[in-house]
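Visitor: Sequence:
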Amino acid sequence: MGATTLDEYRKHLEKDAALERRFQPIKVEQPSISHTIEILKGLRDRYEAHHTVTITDQALVAAANLADRYISDRFLPDKAIDLIDEAGSRLRIKRMKRPPEYKSLVETIARIKRDKDKAIEKENFDQAKILAEQEKSSLERKEAMESKWQASGTDLHDVLDEEVVAEVLANWTGIPVYRLTEEETAKLL
Numbered sequence: 001m002g003a004t005t006l007d008e009y010r011k012h013l014e015k016d017a018a019l020e021r022r023f024q025p026i027k028v029e030q031p032s033i034s035h036t037i038e039i040l041k042g043l044r045d046r047y048e049a050h051h052t053v054t055i056t057d058q059a060l061v062a063a064a065n066l067a068d069r070y071i072s073d074r075f076l077p078d079k080a081i082d083l084i085d086e087a088g089s090r091l092r093i094k095r096m097k098r099p100p101e102y103k104s105l106v107e108t109i110a111r112i113k114r115d116k117d118k119a120i121e122k123e124n125f126d127q128a129k130i131l132a133e134q135e136k137s138s139l140e141r142k143e144a145m146e147s148k149w150q151a152s153g154t155d156l157h158d159v160l161d162e163e164v165v166a167e168v169l170a171n172w173t174g175i176p177v178y179r180l181t182e183e184e185t186a187k188l189l
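Everything in the sequence shown is counted per our numbering, starting at 1 for the first residue and increasing by one.
FYI, nobody ran anything at the bench for these hints, they're computed from the structure. Keep in mind it's a predicted model, so treat the numbers as computed, not measured. Don't take each hint at face value.
As the list claims (entries may be wrong) - Derived DSBU-like pairs: lysine-lysine, alpha-carbon spacing no greater than 35 Å straight-line:
#	residue 1	residue 2
1	116	148
2	113	148
3	97	41
4	103	122
5	97	27
6	94	142
7	122	136
8	142	122
9	103	116
10	136	103
11	116	94
12	103	113
13	113	136
14	148	118
15	136	148
16	94	148
17	116	136
18	118	129
19	118	142
20	15	41
21	129	142
22	103	118
23	122	94
24	97	148
25	148	129
26	27	41
27	129	97
28	136	97
29	129	113
30	118	41
31	97	118
32	11	27
33	136	94
34	116	97
35	142	116
36	136	118
37	97	113
38	148	103
39	27	15
40	113	41
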């Protein structure tokens, strides 16, 4: 069993009669936009878990419609799935760019924890107690920094909506985001 495009089948299999005899071609057309949306809904949980995002229904509809309209070198549902995956990846990467102070604090906490464990191993409990207090204080600062970070709009769990999908498509095609969304809005009205 194998899957390929009609062009690749003609290019590779039709030329080799012995190989062609071993396969029974079954032509499968690309799904409709509405079927693609249903496929995306079925995959939503996996992509939400993988990228740690929440994917809106509007993002799925936008991915199917925009991919069908603007990406011509691939087929549905692959091109819509790629849009959702890329959008999720971009949000995840954006979220990973933490301030240097945060990274430094995480490294400090790890160092304090190692030192505390060594002190316990050597039965130096007074030193371990001091390090445990430092660790607790550092963890509280880290939590405060994360709360401040979330309040500033850099959430640790982003929402993937139609705007993010449009931005990815604009990046791929070179068509400005505002033009994509304006055209879609005009068609919906």
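Visitor: So, for every hint listed, does it hold in this structure?
Guide: Hints and how they fare:
1. A hinted pair counts as satisfied when its Cα atoms are at most 35 Å apart, and residue 116 with residue 148 qualifies at roughly 28 Å.
2. Pair hint residue 113 plus residue 148 holds up; C-alpha atoms about 24 Å apart against a cutoff of 35 Å.
3. With a C-alpha separation of about 29 Å, the suggested pair residue 97 and residue 41 falls inside the 35 Å cut-off, and the hint holds.
4. Restraint check for residue 103 and residue 122: satisfied, since their Cα atoms lie roughly 29 Å apart, inside the 35 Å limit.
5. In summary, the hint linking residue 97 to residue 27 is not supported, as the alpha carbons are separated by about 45 Å, beyond the 35 Å threshold.
6. Annotation: proposed proximity of residue 94 to residue 142 holds, straight-line Cα distance about 19 Å (limit 35 Å).
7. With a CA separation close to 21 Å, the supplied pair residue 122 and residue 136 stays within the 35 Å bound.
8. At roughly 28 Å between alpha-carbon atoms, residue 142 and residue 122 fall within 35 Å of each other, so this suggested pair holds.
9. At most 35 Å may separate the alpha-carbon atoms for a hinted pair to count; residue 103 and residue 116 meet this at roughly 20 Å.
10. At most 35 Å may separate the alpha-carbon atoms for a hinted pair to count; residue 136 and residue 103 meet this at roughly 17 Å.
11. Taking the CA atoms of residue 116 and residue 94, the gap is near 33 Å; set against the 35 Å cutoff, the hint holds.
12. In summary, the hint linking residue 103 to residue 113 is supported, as the alpha carbons are separated by about 15 Å, within the 35 Å threshold.
13. The hinted pair formed by residue 113 and residue 136 meets the criterion: a straight-line CA distance of about 10 Å does not exceed 35 Å.
14. Of the pairs offered as hints, the one joining residue 148 and residue 118 holds, with about 33 Å between alpha carbons and a cut-off of 35 Å not exceeded.
15. With a C-alpha separation of about 18 Å, the suggested pair residue 136 and residue 148 falls inside the 35 Å cut-off, and the hint holds.
16. Straight-line distance between C-alpha atoms of residue 94 and residue 148 comes to about 17 Å, which keeps the hinted pair within the 35 Å bound.
17. About 12 Å separates the Cα atoms of residue 116 and residue 136, which keeps this hinted pair within 35 Å; it holds.
18. A hinted pair counts as satisfied when its Cα atoms are at most 35 Å apart, and residue 118 with residue 129 qualifies at roughly 12 Å.
19. For the hint pairing residue 118 with residue 142, the CA-to-CA distance comes to about 23 Å; that is within 35 Å, so the pair holds.
20. Annotation: proposed proximity of residue 15 to residue 41 is violated, straight-line Cα distance about 39 Å (limit 35 Å).
21. For the given pair, residue 129 sits about 20 Å from residue 142 by alpha-carbon distance, which is consistent with the 35 Å threshold.
22. A C-alpha spacing of about 23 Å is found between residue 103 and residue 118, which places the hinted pair at or below 35 Å, so the restraint holds.
23. Of the supplied pair hints, the one linking residue 122 and residue 94 is violated, its CA atoms being roughly 42 Å apart against a limit of 35 Å.
24. Proximity of residue 97 to residue 148 is assessed by CA-CA distance (about 15 Å); at most 35 Å being required, the pair is judged to hold.
25. Distance restraint check for residue 148 and residue 129: the Cα-Cα separation of roughly 29 Å lies within the 35 Å cut-off, and the hinted pair is therefore satisfied.
26. Proposed proximity of residue 27 and residue 41 is supported: the alpha carbons are some 25 Å apart, at most 35 Å.
27. Using a Cα cut-off of 35 Å, the hinted pair residue 129 and residue 97 holds, with the two alpha carbons roughly 33 Å apart.
28. Restraint check: the Cα-Cα separation between residue 136 and residue 97 comes to about 25 Å, which is no more than 35 Å; the hinted pair holds.
29. A distance of roughly 11 Å separates the Cα atoms of residue 129 and residue 113; the hinted pair therefore holds under the 35 Å criterion.
30. Between residue 118 and residue 41 the alpha-carbon distance is near 50 Å, which puts this suggested pair outside the 35 Å criterion.
31. Restraint check for residue 97 and residue 118: the C-alpha separation of about 32 Å stays at or below 35 Å, so the hint holds.
32. For the hint linking residue 11 to residue 27, the alpha-carbon distance of about 16 Å falls within 35 Å, and the restraint holds.
33. Between the alpha carbons of residue 136 and residue 94 the distance comes to roughly 28 Å, so the proposed pair stays at or under 35 Å and holds.
34. With a CA separation close to 29 Å, the supplied pair residue 116 and residue 97 stays within the 35 Å bound.
35. For the suggested pair residue 142 and residue 116, the alpha carbons sit about 18 Å apart, so the restraint of at most 35 Å is met.
36. Annotation: proposed proximity of residue 136 to residue 118 holds, straight-line Cα distance about 17 Å (limit 35 Å).
37. Restraint check for residue 97 and residue 113: the C-alpha separation of about 24 Å stays at or below 35 Å, so the hint holds.
38. Of the supplied pair hints, the one linking residue 148 and residue 103 holds, its CA atoms being roughly 15 Å apart against a limit of 35 Å.
39. Between residue 27 and residue 15 the alpha-carbon distance is near 18 Å, which keeps this suggested pair within the 35 Å criterion.
40. For the given pair, residue 113 sits about 43 Å from residue 41 by alpha-carbon distance, which is inconsistent with the 35 Å threshold.
Violated hints, in rising order: 5, 20, 23, 30, 40; the structure is consistent with all others.
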